[in-house]
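I would like the entire structure built from these sequences, with the hints used as guidance.
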Amino acid sequence: MIQVENLKCHFDVSGSWLARLINRTGRILVKAVDDVSFTIHKGEIFSLVGESGSGKSTIGRLILGLENATAGSVHFDGQRLDRLKGAGLLAQRRRMQMIFQDPYASLNPRWRVKNLVAEPLRGTLPKAERLEAVGGLLQQVGLSPADGDKYPHEFSGGQRQRICIARALAGKPEFLVCDEPTSALDVSVQAQILNLMRDLQDEYGLTYLFISHDMAVVKHMSDRIAVMYLGRIAEIAPADQLFENPHHPYSKMLLAAVPSLEGVGKERTVIQGEVPNPVHPPTGCAFHPRCPHANERCKAEVPRLIARSDGSEVACHGVEEGRLP
Amino acid sequence: MEGAERSQEESTGQVQPLLSVRDLMVQFPNRRGVLTAIQDISFDLMPGEILGVVGESGAGKSMTGNAIIGLLEPPGRIVKGEILLEGKNLAALSQQAMRRIRGRDIGAIFQDPLTSLNPLYTVGDMLVETILTHLPLSRAEAQTRALDMLSEVGIPAPHERIGHYPHQFSGGMRQRVVIALALCANPKLVIADEPTTALDVSVQAQIINLLKRLSKEHGTAVILITHDMGVIAETADRVCVMYAGRIVEIGPVRQIISAPRHPYTVGLMAAIPKIGSGADKLIQIEGVMPRLDGIPAGCAFNPRCPQKIEACTRTVPPMIAVAENQLAACHLFTKPGGA
Amino acid sequence: MEVTERIRDSLHRFFDGDFWYSFTQSKITMISGGVTAVMLLAAFFAPLISLQNPFDPAALNLMDAFTPPVWAENGSWAFPLGTDNQGRDLYSAILYGSRLSLFIGFASVSLAMILGVTLGLVAGYLGGIVDVVIMRVADVQLSFPAILIALLIDGVARALLPNNRHEDVVVYVLVLAIGLSQWVNFARTVRGISMVERNKEYVLAARLIGISRPLIMLRHILPNTMGPVLVIATISMGVAILLEATLSFLGVGVPPTEPSLGTLIRIGQDFLFSGEWWIVIFPGAALVILVLSVNLLGDWLRDYFNPKLR
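Chains as they are written, first to last, in my numbering: chain Y, 1 to 325; chain P, 1001 to 1339; chain W, 2001 to 2310.
Wrong hints could be hidden among the right ones.
[To be verified] Derived SDA-like pairs (lysine to any residue); straight-line CA-CA distance at most 25 Å:
1) Lys1274(P) <-> Arg112(Y)
2) Lys2200(W) <-> Asp1112(P)
3) Lys252(Y) <-> Val1288(P)
4) Lys150(Y) <-> Ser2010(W)
5) Lys150(Y) <-> Asp2009(W)
6) Lys1281(P) <-> Lys8(Y)
7) Lys114(Y) <-> Val1288(P)
8) Lys1281(P) <-> Leu66(Y)
9) Lys172(Y) <-> Arg2213(W)
10) Lys1281(P) <-> Asn245(Y)
11) Lys42(Y) <-> Lys1281(P)
12) Lys150(Y) <-> Tyr2304(W)
13) Lys2200(W) <-> Asp199(Y)
14) Lys2027(W) <-> Thr2234(W)
15) Lys31(Y) <-> Ser1170(P)
16) Lys2200(W) <-> Asn245(Y)
17) Lys8(Y) <-> Leu66(Y)
18) Lys150(Y) <-> Gly1287(P)
19) Lys299(Y) <-> Ser1170(P)
20) Lys150(Y) <-> Arg2013(W)
21) Lys150(Y) <-> Gly2017(W)
It should be emphasised that the hints constitute simulated quantities derived from the structure, not laboratory data.
What follows is the structure in structure tokens.
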């Protein structure tokens, strides 16, 4: 359904023209997304995981056209989105929606809930039908139609996220980008929202791109997972397989780092180092300074994503050479 | 004075709790009335122990920590209860006396390492300043201690880094600096409020391990406030679960995780997605935590509780022993006909 | 039926809300609010409560000139605050003068607000070259004193219009001159807010729904700028009234036949040392009280809308 090919997004973070001239520095580019390709099938939940600066949120925004790609393409249902214009583009855009991380910032505080949810329906339905539709949507996400008369500040974080979901669903989209939809919520509420998203997927046959840093949530939600590190995909694998048998050293590290209830008081082998500054990424494989298996080749050459027989794709010289399982 | 207290403790021969909080109650007067943020908070903390405090946002966990270090934001104030640190009631101390206690006896680590460091001072300046305020050392000795602290919290090349400003450190390194600052006067108690929330997963693990190691080596007691049960599971000795301003359950971390008794704790544990399980649907607690101005009568959890009985809507349940060292505030465990 | 209920409901919400509460928490704010309201009402109903029409030459009698205030020797109840050199009753002149001052203030601030908010919104939301051009113009404008710009515009208007026509349009020239010298403050603030709001998730959500850029600016971003804009408008109001008084004092404002507060002060200053102090003191005091209470209101609004102080 979604096909992302060699997508790149570079941000110019250099100073003004004058400052560059005075300091005799060139342009500084941050490669937020660098040569990323993947496919999302209809009806599946595809997840992007990674730490801050991995470019996972940027990919979501690129697909929806909220940012402009430097290079590469996004196909939606066979149509290349950046080639579409005007009404054709609008028609495709209406089939895709987004749920944001911060339910406090994604609802205009000055609007009543019914107007917020009805906004995508403006101009398509007469007022009475619109209000009826809003009532139905609110019920669908577990609120009551009477809640439509209230303002966002009268709701808790979880309820606001329900409102956001109702608004996203109003235009009857087929594809939803969910950017950290539960990371601002409390655990008990997180479970409610995740369950709701699952139910809605079953009911409408939705396709999700799920973006998160929380491995446990991703495990619970996804069919397939792409692990990202500094703008590149390190590994793509079916969810169960990634958790049972991760190939890339970074995937292994991420899994080991998740604090778990099972590990009461256990001592863990802690991974050294932090995610490097994306302005000055390491050469070769970006993970090599933190990788226990890095060799000279890893420092020099960027590894390519290579498909394996078990259905996963891994970008690691060690795995490719058979040094690592 | 302090020495006298200490020798008295030793003479009794029994390990006294480092911190005893008794019936603590914090209120916020506002123009529509008085909001009670936390109430009936009672617990003991042994020297060197790590106590985890969990709860959803608004449960009052940060408020409890702030009340102990005397950093309640006005108009919030302690209206009832005692906070006994080695027998001295902190709740009755003046702001000035509290300032002397903070930093020397109690250290603090906050969520955002960037805003808890002054961007205009070097890391060394801040450390030396803090050490000189609380310890009777010369400037040179303080400098040496600052270097020791930096290498102890795992900052590479401390001689070089001591002259750097906070913005020159990465997020994880900054949090290490904050920990060094909190520990540099050798406090007996550290209050860590969401110390890993702003950090990446891999760095989070490093900071947890660092906190554990330092607590063990220095015998520092830690109150670890977080919403992340996983962090508590790996770090804490005991855990205290808060809901709507009250403690609902307290006990050893292993017992709380494997055998929670209060229905809220049971639901909370079930709602956490686990890597090990393949369940299709998460178990969820219906509804949301009430706001401070709308806490229901009786047990605050009763509208969401699947095991609600008639008494729950009438009286606030007391803390009852439900297992060894484990207390829960729930009417299911009160003797029938007791209340 | 439903309408009255709704009005009652919104009134209740207003007096029960934070805004009214914050207003009642400071005595100074309440006093300045009260004074402003009284002066607004007095200016509005000037024809009803004045003793003569000071703008009507036929109503003036030169024989009454230089009458001192009522409590002084030779004072008369016909002219409670005395008269000026034309025999104009100062009490009535102040009422009509503040009416003129307030009108010019309101009109010029409205002009500055419409201009500044529109440009700021567009500059902040669109960014890029549009932003650069608008903000450079603002920078250049900011490097000229407001009074100089006003003098310039007034000078151009005088040169273009024949002298007798100028008197008819002078009020509008003043509005234009003062308005144009004030828009930059609005534009800068609104630009800042709109740059922040443009990246908020609710604006992204609106973009995803396919709402056009003008509509997003109007429906989503504009309402968020209203608080700060109200603050600037109030403070600009004080500045605008003073600017008008200054221009009139310098002789490029409203003519002496229809004096504003500034014109009255200019007339009065000729007689300040010859013993007729009241001609300058009373209009001056009225001006000070008006501007001071408007500014105090502005200060309170600024504090009210500043999240750091709440």
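Verification of the hints:
1. Pair hint Lys1274(P) plus Arg112(Y) does not hold up; C-alpha atoms about 37 Å apart against a cutoff of 25 Å.
2. Between the alpha carbons of Lys2200(W) and Asp1112(P) the distance comes to roughly 21 Å, so the proposed pair stays at or under 25 Å and holds.
3. For the hint pairing Lys252(Y) with Val1288(P), the CA-to-CA distance comes to about 36 Å; that exceeds 25 Å, so the pair is violated.
4. Distance hint between Lys150(Y) and Ser2010(W) is fulfilled; the C-alpha atoms sit about 14 Å from each other, no more than 25 Å.
5. Annotation: proposed proximity of Lys150(Y) to Asp2009(W) holds, straight-line Cα distance about 15 Å (limit 25 Å).
6. A threshold of 25 Å between alpha carbons decides the hint, and for Lys1281(P) with Lys8(Y) the separation of about 36 Å lies outside it, so the pair is violated.
7. Distance check on the hinted pair: Lys114(Y) and Val1288(P) sit about 21 Å apart at the alpha-carbon level, within 25 Å; holds.
8. Under the criterion of a C-alpha separation no larger than 25 Å, the hint pairing Lys1281(P) with Leu66(Y) is inconsistent with the structure, at around 32 Å.
9. Distance check on the hinted pair: Lys172(Y) and Arg2213(W) sit about 22 Å apart at the alpha-carbon level, within 25 Å; holds.
10. A threshold of 25 Å between alpha carbons decides the hint, and for Lys1281(P) with Asn245(Y) the separation of about 23 Å falls inside it, so the pair holds.
11. For the suggested pair Lys42(Y) and Lys1281(P), the alpha carbons sit about 21 Å apart, so the restraint of at most 25 Å is met.
12. For the proposed pair Lys150(Y) and Tyr2304(W), the alpha carbon gap of about 24 Å is at most 25 Å, so the pair holds.
13. Simply put, Lys2200(W) and Asp199(Y) have alpha-carbon atoms about 28 Å apart, too far for the 25 Å limit, and the pair is violated.
14. Taking the CA atoms of Lys2027(W) and Thr2234(W), the gap is near 19 Å; set against the 25 Å cutoff, the hint holds.
15. Distance restraint check for Lys31(Y) and Ser1170(P): the Cα-Cα separation of roughly 19 Å lies within the 25 Å cut-off, and the hinted pair is therefore satisfied.
16. Taken as a hint, the Lys2200(W) and Asn245(Y) pair is broken in the structure, with Cα atoms around 39 Å apart against an allowance of 25 Å.
17. Of the pairs offered as hints, the one joining Lys8(Y) and Leu66(Y) holds, with about 14 Å between alpha carbons and a cut-off of 25 Å not exceeded.
18. Proposed proximity of Lys150(Y) and Gly1287(P) is supported: the alpha carbons are some 18 Å apart, at most 25 Å.
19. A threshold of 25 Å between alpha carbons decides the hint, and for Lys299(Y) with Ser1170(P) the separation of about 22 Å falls inside it, so the pair holds.
20. At roughly 14 Å between alpha-carbon atoms, Lys150(Y) and Arg2013(W) fall within 25 Å of each other, so this suggested pair holds.
21. As the CA atoms of Lys150(Y) and Gly2017(W) are separated by approximately 16 Å, the hinted pair is consistent with the 25 Å bound.
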